[in-house]
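Novice: As given, the protein sequences belong to chains A and B, one line each in that order.
Just so we're aligned, residue 221 is where the first sequence starts under the working numbering, counting upward by one.
Just so we're aligned, residue 1063 is where the second sequence starts under the working numbering, counting upward by one.
Treat the hints with caution; some may be incorrect.
[Said to hold, decoys possible] Computed footprint of chain B on chain A, listed as stretches where at least three residues anywhere in the stretch have a Cβ under 8 Å from a Cβ of chain B:
1) 317-328
2) 340-354
[As the list claims (entries may be wrong)] Pairwise CB distance ranges (calculated):
3) B:His-1077 <-> A:Thr-332: 32 to 38 Å
4) A:Thr-471 <-> B:Arg-1249: 39 to 45 Å
5) A:Glu-444 <-> B:Asp-1170: 46 to 52 Å
6) B:Glu-1314 <-> A:Thr-471: 23 to 29 Å
7) A:Ala-437 <-> B:His-1253: 42 to 48 Å
8) B:Gly-1130 <-> A:Glu-465: 33 to 39 Å
[What the hints assert, rightly or not] In silico negatives: residues of chain B with every beta carbon more than 10 Å from chain A:
9) Gly-1130
10) His-1158
11) Pro-1168
12) Asp-1174
13) Asp-1292
14) Ala-1300
15) Thr-1303
16) Ala-1313
Simulated from the structure, these hints should not be mistaken for laboratory data.
In this text, a Cβ means the ideal position worked out from N, Cα and C, and glycines have one as well.
Below are the chains, spelled out letter by letter.
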Amino acid sequence: MATRNLEAMPDCVFLPGSQQRADRMAELWDDVRSAGRVGDFEAYVGLVGGVPVGVCPTGIGGSSVCRTVDHVRRAGATTLIRVGVTGTIQPKVHLGDLVIATAAVRLDKVSTQYLPIEAPAVADPFVVMALVAAAEDLGVPHHAGVGATQSSFYAGGGVSCHAGYRHSGMDNLESDMRAAGVLDWDTETAPLYVLGMFRNLRCGRVNAVVNHPETGAYDPFGEEQAIAVANRAAQNLHLWDARAETSREETPS
Amino acid sequence: MSDFVDKGPVDDFVHRRFGREACPGDIASHVLVPASKEEARELTASWTHVNQVADHYGFLVLTGQYRGQTLSVCSLGESSASAAVAIEELADLGVHTFLGVGLADPFDHDDDGTLVIARGSVRLDGASPGYVQIGFPAAPSFDVVLAALQTAEDQDTCVDLRLVADLEGLGGVFARELGEAPPETERARAHLTNLGIVNSCASSATLFVQAAIFGARAGVVMANRSRSNDVTAERKQAMHTLALDTILRIAEWDNTGPTDFLRPYRSPNLATTVVDG
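So that you can see chain A by itself, here it is in the shape it has in the complex (with noise of 0.2 Å):
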């Protein structure tokens, strides 16, 4: 495999699904370079606003995020930001909206490897905020709440298959989430957060959705402001962070 030891992260690394999202990201920073790869994807950092940031693709799925946010973690990150993208199981939610995952259904495997099915996949609370803040000031569409994750794209999500291969299993998957309140669809987001918490990292997460609700139409506009808000997500962290830091320091002990 073409993995090679990661060179220092920064604390806020973006973790997109395919090269292409990462390589849009970093097109929009400064100072960019090369950070090593991990598997068949190249990280890379930089600064977006004055702040350093990192950006490395997961690929798709759960044990391929899990992977790569223990790289990043040992090259030093300790926030990460999935930007990814999703269908929508509810109507409210429309093409181009974003959805900001303040948790999400453990529909996956290889979450259990680390927490047991009962422990919530929560994302951190600051990063939600982070995440929503910067949607709110860009003025961009979003839906901050659970989503679900499942480990087969298809199958999973209840979508008939090749020649129209079904299960009794996937009929009311769909309806069932849409009962509960979820959101929307993906095959990362549980895993990352589970590992979050057990690894001790800040996680979050913003997809845009890419399917017409309706139609099922691919449409990819919205992941241009998926990668504007998760970019304004970092710098409001890094503010808040550098604002705890002083005022911890003035705090007498």
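Given chain A's structure and the hints, the job is docking chain B onto it.
Specialist: This is chain B only, laid out in the frame that chain A set:
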């Protein structure tokens, strides 16, 4: 023909509207939910115009005024089955914001009244699986957590933001108070401790799951019990003040309208918050 049973009518089951003692309008939309009736009374000690709405099984429901805001309190009882009934009835009566408040059980008992805000709860309760599959996260509402954090900061109170466990379904929680916990309960506590989850709060998972399913908001603030299984009056008062001012803050946010409710908390002071687990 479907065998689905619509449980909608008021005059059907014994617990409907707390034994028919409560009506819509009797209960505020923002409700504190402690475990016991004693705690419910303690929480309303500083209120005015307190009215007893219902006293049904483990549920004492009181409505009154706290600093000009109408609030209610409802004790949940000690089991998740009891809590689930109360939350159903409260939601049916129009409640949209729940704040759990009570004493937590730290596994290592090396604690004395630390205030904890739950960021999630391990679903080892009995009731929540009846609502949704176990992988669904028992997590508080984002804005309730923010309100609690901001309130703690304003009070200059140090809080832990923690993943907790709801061990109600293990059945051995109360036996443990007498030193007679079954081995499975002790194994579960040891396992969770190894995973960094170090205290339990009854009904937290049940509350989070039901609220999420109902489209309501929920959070939990708690104080860890000490080795002697209690907290000092000072720590208990701090917990009550945190809970009361948190739900008051949410109500005030709601009074200003739905837009921009997060803006008051756009620059958190992380220095007073310990995020762990």
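Novice: In terms of beta carbon proximity below 8 Å, does the stretch 340-354 of chain A have 3 or more residues touching chain B?
Specialist: Satisfied; 10 residues make the cut.
Novice: Range first: 39 to 45 Å. Now tell me if the beta carbons of A:Thr-471 and B:Arg-1249 are that far apart.
Specialist: holds (40 Å)
Novice: Non-interface claim for B:Asp-1292: all C-beta distances to chain A beyond 10 Å?
Specialist: Answer for B:Asp-1292: holds, closest chain A Cβ roughly 28 Å.
Novice: Would the least Cβ to Cβ distance between B:Ala-1300 and chain A come out above 10 Å?
Specialist: holds (18 Å)
Novice: Per the stated criterion, does the least C-beta distance between B:Pro-1168 and chain A lie above 10 Å, as a non-interface residue requires?
Specialist: Check passes; 18 Å lies beyond 10 Å.
Novice: Are at least 3 residues of the stretch 317-328 of chain A within less than 8 Å of chain B when you compare beta carbons?
Specialist: holds (count 6)
Novice: Is the gap between the beta carbons of B:Gly-1130 and A:Glu-465 within 33 to 39 Å?
Specialist: holds (38 Å)
Novice: So the hint says 46 to 52 Å: do the beta-carbon atoms of A:Glu-444 and B:Asp-1170 match that?
Specialist: Between A:Glu-444 and B:Asp-1170, where Cβ atoms are some 48 Å apart, the hint holds.
Novice: Should the label of B:Gly-1130 as a non-interface residue stand, given a Cβ cut-off of 10 Å to chain A?
Specialist: Fine: 28 Å to the nearest Cβ keeps B:Gly-1130 off the interface.
Novice: Is B:Asp-1174 truly not at the interface, in the sense that its beta carbon sits beyond 10 Å from all beta carbons of chain A?
Specialist: holds (19 Å)
Novice: B:His-1077 and A:Thr-332, beta-carbon distance inside 32 to 38 Å?
Specialist: holds (35 Å)
Novice: Quick check for students: does the CB of B:Ala-1313 sit more than 10 Å from each CB in chain A?
Specialist: Given a closest Cβ separation of 20 Å, the condition holds.
In this structure, every one of the numbered hints holds.
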